[in-house]
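Can you build the whole structure from these sequences, using the hints too?
Residue numbers (the UniProt record's numbering), protein chains in the order written: chain A, 1 to 191; chain B, 1 to 566.
Quick caveat, the hints were computed from the structure, so don't treat them as lab data. If you're wondering where the values come from, they're calculated on a predicted model, not measured in any experiment. The C-beta atom is built at its ideal place from N, Cα and C for all residues, glycine as well. Be aware that one or more of the hints could be misleading.
Claimed, not checked - If you anchor each label on the Cβ, the simulated ranges turn out as follows: (1) A:Ala-131 - B:Ile-440: 49 to 59 Å; (2) B:Gly-183 - A:Asn-148: 53 to 63 Å; (3) A:Ile-12 - B:Gly-103: 49 to 59 Å; (4) B:Ala-364 - A:Ile-12: 35 to 45 Å; (5) B:Tyr-463 - A:Pro-143: 48 to 58 Å; (6) A:Ser-123 - B:Leu-310: 50 to 60 Å; (7) A:Pro-143 - B:Trp-566: 39 to 49 Å; (8) A:Asn-148 - B:Pro-558: 48 to 58 Å; (9) B:Phe-314 - A:Ser-13: 14 to 24 Å.
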Amino acid sequence: MNRLVYGLLLLISLILPPVANLMESVMIIHMHMQMPMLVIIGMIMARFFQERYPRFFEKWNENGFPGIVLFIIIVSYWMMPRTMDEALTSQSVEIFKFISLPFLAGIPLMDSWKKLSSIGKNSVIIFFTVAFIGIGYLYINAPNPLCNNYLVIDQIILGWGFLITAIGLIIYLLYDFFIDPSAYEEVAEEE
Amino acid sequence: METVIPQAGKAKTVFKEKANKVLGVNLQDALITKAYMSVAFIALFLGGILGLLQGLNRAGLLELPSWLNYYQVLTAHGLLLVVVLSAFFMIGYYYAGLSHTLGGLLPKVRKIAWIGFWLKIFGFVLVLIPLLLNEASVMYTFYPPMAAHPVFYFGLVFIVLGVWALSIGAFIQVANWRKNNKGKHLPILAFFATGSFVLLVGATAFVAVEVLFMIIPWTLGWTDGINVLLARTLFWAFGHTAVNIWYLTAVSVWYCIIPKIIGGYRWNDFLTRMVVIPLVIMNITGGFHHQIIDPGITPEIKFMHVFMSLAIGFPSLMTAYAMFRTFERTGRAKGGKGAFGWFKKLPWGDVRFLSPFIAMAAFAPAGAGGIVQSTNQLDGVVHNTLWIVGHFHLTLGMSVVMTFFGVSYWLIPYISKRVLTPQMNKLGIVQTIIWTIAMIMMSGAQHTVGLLGAPRRTSYTTYGEFSSTLGWDPYLTMLGIGATLLTIGVIIQVYAVFNMMFFAPKGETEFPVAEEEENAPKTPYWTERWGLWVVLTVIVVGMAYVIPIVDMIVNAPPGSPPFKTW
Numbered sequence: 001m002n003r004l005v006y007g008l009l010l011l012i013s014l015i016l017p018p019v020a021n022l023m024e025s026v027m028i029i030h031m032h033m034q035m036p037m038l039v040i041i042g043m044i045m046a047r048f049f050q051e052r053y054p055r056f057f058e059k060w061n062e063n064g065f066p067g068i069v070l071f072i073i074i075v076s077y078w079m080m081p082r083t084m085d086e087a088l089t090s091q092s093v094e095i096f097k098f099i100s101l102p103f104l105a106g107i108p109l110m111d112s113w114k115k116l117s118s119i120g121k122n123s124v125i126i127f128f129t130v131a132f133i134g135i136g137y138l139y140i141n142a143p144n145p146l147c148n149n150y151l152v153i154d155q156i157i158l159g160w161g162f163l164i165t166a167i168g169l170i171i172y173l174l175y176d177f178f179i180d181p182s183a184y185e186e187v188a189e190e191e
Numbered sequence: 001m002e003t004v005i006p007q008a009g010k011a012k013t014v015f016k017e018k019a020n021k022v023l024g025v026n027l028q029d030a031l032i033t034k035a036y037m038s039v040a041f042i043a044l045f046l047g048g049i050l051g052l053l054q055g056l057n058r059a060g061l062l063e064l065p066s067w068l069n070y071y072q073v074l075t076a077h078g079l080l081l082v083v084v085l086s087a088f089f090m091i092g093y094y095y096a097g098l099s100h101t102l103g104g105l106l107p108k109v110r111k112i113a114w115i116g117f118w119l120k121i122f123g124f125v126l127v128l129i130p131l132l133l134n135e136a137s138v139m140y141t142f143y144p145p146m147a148a149h150p151v152f153y154f155g156l157v158f159i160v161l162g163v164w165a166l167s168i169g170a171f172i173q174v175a176n177w178r179k180n181n182k183g184k185h186l187p188i189l190a191f192f193a194t195g196s197f198v199l200l201v202g203a204t205a206f207v208a209v210e211v212l213f214m215i216i217p218w219t220l221g222w223t224d225g226i227n228v229l230l231a232r233t234l235f236w237a238f239g240h241t242a243v244n245i246w247y248l249t250a251v252s253v254w255y256c257i258i259p260k261i262i263g264g265y266r267w268n269d270f271l272t273r274m275v276v277i278p279l280v281i282m283n284i285t286g287g288f289h290h291q292i293i294d295p296g297i298t299p300e301i302k303f304m305h306v307f308m309s310l311a312i313g314f315p316s317l318m319t320a321y322a323m324f325r326t327f328e329r330t331g332r333a334k335g336g337k338g339a340f341g342w343f344k345k346l347p348w349g350d351v352r353f354l355s356p357f358i359a360m361a362a363f364a365p366a367g368a369g370g371i372v373q374s375t376n377q378l379d380g381v382v383h384n385t386l387w388i389v390g391h392f393h394l395t396l397g398m399s400v401v402m403t404f405f406g407v408s409y410w411l412i413p414y415i416s417k418r419v420l421t422p423q424m425n426k427l428g429i430v431q432t433i434i435w436t437i438a439m440i441m442m443s444g445a446q447h448t449v450g451l452l453g454a455p456r457r458t459s460y461t462t463y464g465e466f467s468s469t470l471g472w473d474p475y476l477t478m479l480g481i482g483a484t485l486l487t488i489g490v491i492i493q494v495y496a497v498f499n500m501m502f503f504a505p506k507g508e509t510e511f512p513v514a515e516e517e518e519n520a521p522k523t524p525y526w527t528e529r530w531g532l533w534v535v536l537t538v539i540v541v542g543m544a545y546v547i548p549i550v551d552m553i554v555n556a557p558p559g560s561p562p563f564k565t566w
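See the structure below:
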């Protein structure tokens with residue numbers, strides 16, 4: 001219950017017009033801060049729903065695959081320039097953003113992540129790494145504004161933000177590939 | 001004086017102490033630390049003397065000769081004390097700690113440590129040559145468009161290479177220990193060392209980019225102009241972090257060493273590690289608060305970064321709490337009664353405690369001053385005044401350096417297989433008192449006269465006998481008196497170090513790492529996931545820097561040619 005309350009409080013604080021306006025005024029903060037925060041809010045609330053509706057998650061997200069697909073679809077949708085624009089110009093799309101990211105991306109991610117095998121997890125990370133590089137390249141090199149609401153410089157900054165995040169993910173993947181945790185830690189010690 | 005403090009503790013503690021006594025210090029490892037300590041304290045001596053020259057100049061008592069101008073002295077003073085003393089001390093101390101807590105350095109790590117040492121010395125000689133020829137009086141921040149001789153920057157590159165070698169050595173040592181001690185927590189001192197070396201690599205990466213890709217091609221004439229704002233930003237990502245690494249080193253002493261010296265135990269291992277981890281993740285981005293008055297960075301970004309800077313304050317508050325809790329517990333265990341009775345029971349006559357304690361106490365006003373400077377409006381009043389100089393003489397000159405001094409009274413005897421005598425302890429107490437009074441005088445004067453508007457980085461001038469600025473003179477005189485007393489402190493400290501290294505009575509000294517309290521709660525194992533902390537650091541740094549840096553590059557001005565302003 002607590003988690004639901006905390007999550008909703010955080011969600012409301014992000015929806016408050018001054019907060020939302022400030023975050024949406026900078027393109028990269030809109031996409032790389034506000035949107036991930038909405039997903040994280042969903043992850044915070046997830047346990048409440050998992051405990052309240054265990055059968056639902058068991059039935060529909062048994063191996064974590066449907067959940068992660070839903071997460072990928074929602075997140076990919078919000079990475080499109082057009083959708084960001086619409087969120088700023090159309091009230092209903094803005095509302096959809098505040099609902100879809102926590103409830104259709106955050107909660108399924110939390111429920112699916114532990115159910116996925118390490119190959120599944122790494123595939124998701126690889127997918128986003130490749131997507132981030134592609135989108136980053138697009139945003140950096142696009143000569144025209146892809147969003148009506150933002151300047152070209154905002155777009156270039158966002159492109160570099162994508163590339164840097166991709167570099168972070170690549171470092172993680174290399175670390176995961178080359179370092180064998182069992183050489184350093186006992187599995188029994190895991191928290 | 002016997003430096004091993006007798007204490008009734010767990011059987012494990014006693015056994016460990018015995019083992020240490022039998023094994024003592026590894027002589028080959030001790031030699032590495034000795035070399036680093038020698039360089040550190042020679043740098044203290046030279047830097048201190050140069051500080052005296054500056055202080056006397058600012059007080060209007062000494063006119064520097066034409067062949068040794070104020071800015072040359074200022075550059076050398078900054079580099080010797082901020083770069084050489086701090087970095088060499090930190091590395092010597094941590095390598096001694098790694099050797100002690102991880103069962104001796106590996107032969108290849110020892111080799112790497114020596115390679116790093118000579119790379120740094122070579123780099124430093126390269127830095128020194130143009131400096132002595134007055135070709136590099138660019139101050140220790142070497143802000144473009146002031147340009148020094150290219151050799152100065154080549155020297156910096158070698159210093160960075162040395163730092164990287166030492167960091168790699170430390171990582172190899174830690175990884176090897178973890179392979180042989182699966183599932184165990186890294187000993188706390190080695191944990192601090194890992195955090196510090198991770199930060200050191202992260203910080204120097206920025207300055208390496210600045211020097212290698214921007215400044216060197218520009219001073220060699222390969223490029224016409226330099227992006228000043230970008231260079232300053234890269235510098236402060238390094239500079240701010242470097243200062244915080246020295247601070248983290250001092251914090252490691254407070255958490256790991258001081259409890260043992262006062263005869264107590266370490267409190268809450270989990271909290272300690274949770275101080276290190278956020279300090280590593282959030283540190284580099286704090287660099288922006290040094291640029292609050294730089295044009296070309298939007299107020300929103302500055303606001304965001306002030307938030308990041310203040311976030312670093314939180315672990316410091318946890319440290320303050322943890323320290324006083326340890327003091328109170330230990331004082332009460334020794335029979336201290338009443339609300340403050342425990343305070344009297346602390347070993348005030350022991351320089352190994354007194355000096356770091358005053359260092360900690362100094363961090364309260366120093367931290368408060370830091371918060372003032374990272375606030376946009378307040379910084380507008382004090383930026384580029386002597387206030388800032390006063391601030392970093394409190395943080396580095398007291399909080400960090402006095403902790404280092406306190407460490408020297410057991411670390412130097414430990415690596416030299418000698419002991420701290422009561423006479424030397426007394427001398428240390430005298431040194432601590434002199435240093436404290438002198439630094440309060442000097443830094444107090446600098447803070448005050450800075451508020452009145454006296455600029456920093458400026459040789460003595462009366463501004464044409466202008467009445468308002470003549471009012472600064474009493475403070476500047478006090479600054480000069482403080483600097484003179486500090487020089488006495490420096491001489492005593494350097495004497496003490498080399499006396500303990502070569503002339504003190506032979507014997508065994510303990511490396512005082514405190515044990516955890518009894519019934520301490522178990523620390524979660526995820527604190528050991530350094531790979532994850534590094535990835536988080538990269539992403540936090542990337543996110544924090546991407547907006548301003550892309551803006552600075554894409555909307556760059558034509559760039560500035562090199563200037564020699566001296």
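Hint check results:
Checked against the given bound of 49 to 59 Å, the beta carbons of Ala-131 (chain A) and Ile-440 (chain B), roughly 58 Å apart, stay inside it. A hinted range of 53 to 63 Å for the beta carbons of Gly-183 (chain B) and Asn-148 (chain A) is consistent with their spacing of about 55 Å. Taking the beta carbon of each, Ile-12 (chain A) and Gly-103 (chain B) are about 54 Å apart, inside 49 to 59 Å as hinted. In this structure the supplied range 35 to 45 Å holds for Ala-364 (chain B) paired with Ile-12 (chain A), their Cβ-Cβ distance being about 38 Å.
Range check, Tyr-463 (chain B) to Pro-143 (chain A): Cβ separation about 54 Å, and the 48 to 58 Å hint holds. Between Ser-123 (chain A) and Leu-310 (chain B) the CB atoms are about 39 Å apart, so this pair departs from the stated range of 50 to 60 Å. Our hint of 39 to 49 Å for Pro-143 (chain A) and Trp-566 (chain B) holds, since their Cβ atoms are close to 45 Å apart. Roughly 32 Å separates the CB atoms of Asn-148 (chain A) and Pro-558 (chain B), a value that falls outside the hinted 48 to 58 Å.
For the pair Phe-314 (chain B) and Ser-13 (chain A), the supplied restraint of 14 to 24 Å holds, since their beta-carbon distance comes to about 20 Å.
Going through the hint list in order, the structure does not satisfy hints 6, 8.
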